[in-house]
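**Q** The opening position of the sequence shown corresponds to residue 1 in this note's numbering, with each subsequent residue numbered one higher.
Worth double-checking, as some hints may not be accurate.
[As the list claims (entries may be wrong)] No farther apart than 20 Å at their CA atoms in a straight line, the calculated lysine to any residue pairs in the SDA-like style are these:
#, residue 1, residue 2
1, K46, E58
2, K46, E30
3, K46, G66
4, K46, R64
5, K46, R185
6, K46, A23
7, K46, K62
8, K46, P15
Read the hints as simulated data drawn from the structure, not as lab findings.
Quick caveat: nothing in here was measured; it's all calculated off a predicted structure.
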Amino acid sequence: LFPGHAVELATASSPAFARLASALHAAVLEPASSGEIDDEEAEARKACAEEIIAALIEVAKKLRPGELAALEAVLTQPSLCALLSLDPGPETLHVPCLELLQALLASPKLFASAHQADSEENPLLAAANLLAVPSIGSCQPATSSGADEFVQDTAERQRCRVAALELLCSCLATAPRLDFVLQLRGAPAADGEAVDTVLQRVVLLCHHELLCLGLHGSDGGPWRDAQLVECAERRRRVVNSCLFILSSFAWHAVPFSSETT
1 LFPGHAVELA
11 TASSPAFARL
21 ASALHAAVLE
31 PASSGEIDDE
41 EAEARKACAE
51 EIIAALIEVA
61 KKLRPGELAA
71 LEAVLTQPSL
81 CALLSLDPGP
91 ETLHVPCLEL
101 LQALLASPKL
111 FASAHQADSE
121 ENPLLAAANL
131 LAVPSIGSCQ
141 PATSSGADEF
151 VQDTAERQRC
161 RVAALELLCS
171 CLATAPRLDF
181 VLQLRGAPAA
191 DGEAVDTVLQ
201 RVVLLCHHEL
211 LCLGLHGSDG
221 GPWRDAQLVE
231 CAERRRRVVN
241 SCLFILSSFA
251 WHAVPFSSET
261 T
């Protein structure tokens, strides 16, 4: 059924998409009947969410921007935000969620709905939060016992940044103005400190990745380490996306005249 007849279902206003979205919301947000979700139930919920998101991605990619409103129910509850707020890891669903959002937000209607959502339920802000780079080598309290652990810039975090930037780049084409994306920021922190805008995070991230590439290079070092080569490739993709966003901002922000030499 999916995605072969996606267009027919969308044009016929079928309730199938709304029910699929409801199943996703239940798997991610619905509290456990016993009060606590045990490991077995958590794994089952994750598997369910993963399958539903994969189906929604296939459906969304079959629809034209004007038809994507049929999937509006996916954004009525913050299921994707909840999944994106988790700490990135090998088993998390950040990249599929960002891929789904990229497909959905090609619709101007769905982009406007996402853009106007509150901070805690705004998928654009949830994606922008993934651009924050951890302070490598710094210690943070990890447990109630006071033990410290290092915050590491893992391959999963890097893949999330690549996917988040690809989402933001595509949103620049959908948004009525670039500022709708680049000047977006969440609510102030609990201590009243202002949160960086998307543009500020892109600038800092680009600077960070260029520094890292300068330190370890892109050929794997003297040992031609394969993991370091893959890391460099991810960093290059991040830099390319950052530079695309920054050049788009500069092109629209700086007054341009045909007489300028």
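**Q** Each of the hints needs a verdict: does it hold here or not?
**A** So, going through the hints one by one against the coordinates:
The suggested pairing of K46 with E58 holds, with an alpha-carbon distance near 18 Å, which does not exceed 20 Å. For the suggested pair K46 and E30, the alpha carbons sit about 13 Å apart, so the restraint of at most 20 Å is met. For the proposed pair K46 and G66, the alpha carbon gap of about 30 Å is over 20 Å, so the pair is violated. Simply put, K46 and R64 have alpha-carbon atoms about 29 Å apart, too far for the 20 Å limit, and the pair is violated.
Restraint check: the Cα-Cα separation between K46 and R185 comes to about 29 Å, which exceeds 20 Å; the hinted pair is violated. Between K46 and A23, the direct Cα distance comes to roughly 12 Å. Compliance with the 20 Å bound is thereby established for this hinted pair. For the proposed pair K46 and K62, the alpha carbon gap of about 25 Å is over 20 Å, so the pair is violated. Distance hint between K46 and P15 is unfulfilled; the C-alpha atoms sit about 24 Å from each other, more than 20 Å.
In this structure, the hints that do not hold are numbers 3, 4, 5, 7, 8, in rising order.
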